[in-house]
Structure formats: C-alpha cells, structure tokens
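Colleague: Sequence:
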Amino acid sequence: MPPLTPKPRPLTLIVATTPIPTPESTTIRLGIGHHGTLPWPRIKTDMSFFARVTSRPPSPGTTNAIIMGRKTYDSVPAHLRPLAKRISTVITRDVDSLAERVGREVEARKAKLASATTSSSTSTALGAEAPATDAIVCGGLDDAMQELEKRYGEDGKLGKVFVIGGAEIYGAVLRGEGGGNGGPVRIVMTNVEKKGYQGNNGEVFECDTRFPVDEELFQEKEGWRKATSEEVTEWVGETVTGEWIEDGDVRVQMVGYERV
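Sequential numbering of the sequence shown, starting at 1, is according to full-length UniProt numbering.
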C-alpha cells in the first residue's frame with residue numbers, strides 16, 4: 001500500500017484592514033498602513049486576538065510559524081523579539097547580516113523566557129510539549145516554507161502557518177509563491193472602522209499602503225469565497241461570531257476568506 005500523501009498545509013494571512021473610499025462610490029479599497037506603521041492607534045481587541053490566534057498550537061508538541069518581512073519583524077519592540085511561543089520566519093534580501101542579529105535575539109529571548117518560567121508550575125507541567133520560541137531568516141517565501149518543513153514539519157512539530165505582513169509578503173502569497181504544496185490560502189481579517197462610518201460616509205483612517213486584494217474578496221471572484229463564522233472559528237481555535245465589537249473610538253469585526 002503506497003504511503004499516504006500529506007494533506008496540503010494551508011497558508012493563513014492575518015491582517016487588519018480599514019476601508020479607503022474611492023471616487024467611484026461602488027469601490028472600496030482596503031488600507032493596511034500609513035507611513036510605515038498601522039493607520040490607527042493601539043486596538044486592544046485586535047492585538048489580543050492576534051496574540052492568541054498565532055500562539056495557540058493546534059495540538060500539543062507543535063508550534064505555529066509566523067512569516068513576515070524584515071520591517072514587520074523590526075516593528076516588534078526589541079524586548080519582545082522574537083515573539084514568544086511562535087517560530088518567527090523573517091524574509092529579507094540580506095539574509096546573512098540579519099540572520100546573525102536575529103540569532104542573538106533568539107538566544108537572549110530564550111534566556112529571558114527560561115528565567116521567567118523557572119519556578120512556573122505551568123512550565124513544568126507542559127515540559128517538552130510547550131510551544132517553542134524560535135526564529136529563522138530566509139531569502140524568499142518558497143525558501144521559508146521549505147525551511148519550516150525541514151526544521152519542524154518533518155518531525156510533526158510544525159503547527160499552523162500564518163503570514164503577518166507587510167504588503168510585499170502578503171502579495172507574494174497571493175501570487176502563489178510558497179504555496180507549491182497546493183494548500184488553500186486563507187485570510188483572517190480584522191475590519192477596522194471609526195465609529196460612525198457607514199458605507200462611503202464618515203471619518204476614515206488615512207492610509208498609503210493597500211492590501212493586495214479587495215474587490216476580489218467582496219465580489220468572491222478569482223476563486224475567493226467568504227468563509228462562515230463557523231469555519232473561521234475552526235481556523236483560529238476560538239469562537240468568531242463576525243459581529244462588530246466596539247473598542248474605544250473604533251469598532252472591529254473578524255471575518256475570513258478562502259481561495260482554493
């Protein structure tokens with residue numbers, strides 16, 4: 001009997017977007033950045049959702065990977081790099097010099113985490129099954145996927161694979177790079193709006209960076225479809241209702257899309 005072919009691994013883009021009205025009233029673009037950072041101040045609801053979803057492994061003994069560009073990696077506060085309980089996978093054109101720095105940051109972060117949890121009963125109980133904290137540096141998305149499979153996937157230790165930005169990395173995934181295994185591409189999107197925004201009316205956030213797809217999602221073209229709340233709940237491991245949640249001066253809504 002021939003060996004079973006592994007099920008293709010989904011790539012899940014995690015992104016927060018905000019509507020950018022256009023002169024054509026029927027068209028809405030999705031903004032994700034302004035001057036190299038997020039268009040909005042800290043949104044606790046979205047940040048905590050991101051932390052929970054990306055660090056929660058699908059099963060004991062596995063660790064999720066988060067793929068990002070160098071600028072996104074460097075946007076994380078230095079004392080939190082690399083993010084705990086995840087495999088930060090950084091894509092850059094300058095692999096050698098960045099790998100050296102990231103290697104130092106990994107060792108420092110591991111030492112700090114170990115010191116903080118030495119007397120923790122949780123750490124003792126989880127033991128080797130606790131998610132790892134690690135980081136690797138690669139020259140492209142295809143290289144990143146191959147390296148993740150080599151280091152973690154072949155031993156069954158790789159959990160879910162998330163892509164967290166920026167725009168160039170999102171674009172690479174949406175063009176089909178790194179997806180040679182034939183797995184689906186998913187988007188878990190946090191819609192962010194200022195309170196009072198309705199359609200093309202109301203105050204919006206200023207943006208200069210767009211998410212690579214928008215109309216394709218809204219009109220379910222080019223293989224895209226909107227996922228049900230139940231499907232998104234399964235993808236992220238916690239209940240997602242799709243309802244709007246108010247947080248300070250904004251409201252947020254978690255939704256999902258899939259291209260197969």
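Simulated from the structure, these hints should not be mistaken for laboratory data. We put the CB at the ideal spot given by N, CA and C, even for glycine. The reader is advised that the hints may include incorrect statements.
To be verified - Derived lysine to any residue pairs resembling SDA-like cross-links, with alpha carbons at most 20 Å apart: (1) K44 - L83; (2) K221 - D249; (3) K7 - K194; (4) K194 - E231; (5) K85 - I28; (6) K71 - L113.
To be verified - Pairwise CB distance ranges, derived in the manner of DEER restraints: (7) Q253 - T37: 19 to 25 Å; (8) T27 - R56: 44 to 50 Å; (9) G103 - G223: 27 to 33 Å.
Colleague: Can you name, in rising order, the numbers of the hints this structure does not satisfy?
Modeller: Going through the list in order, the structure violates hints 2, 3, 4, 5, 6, 8 and 9 and respects the others.
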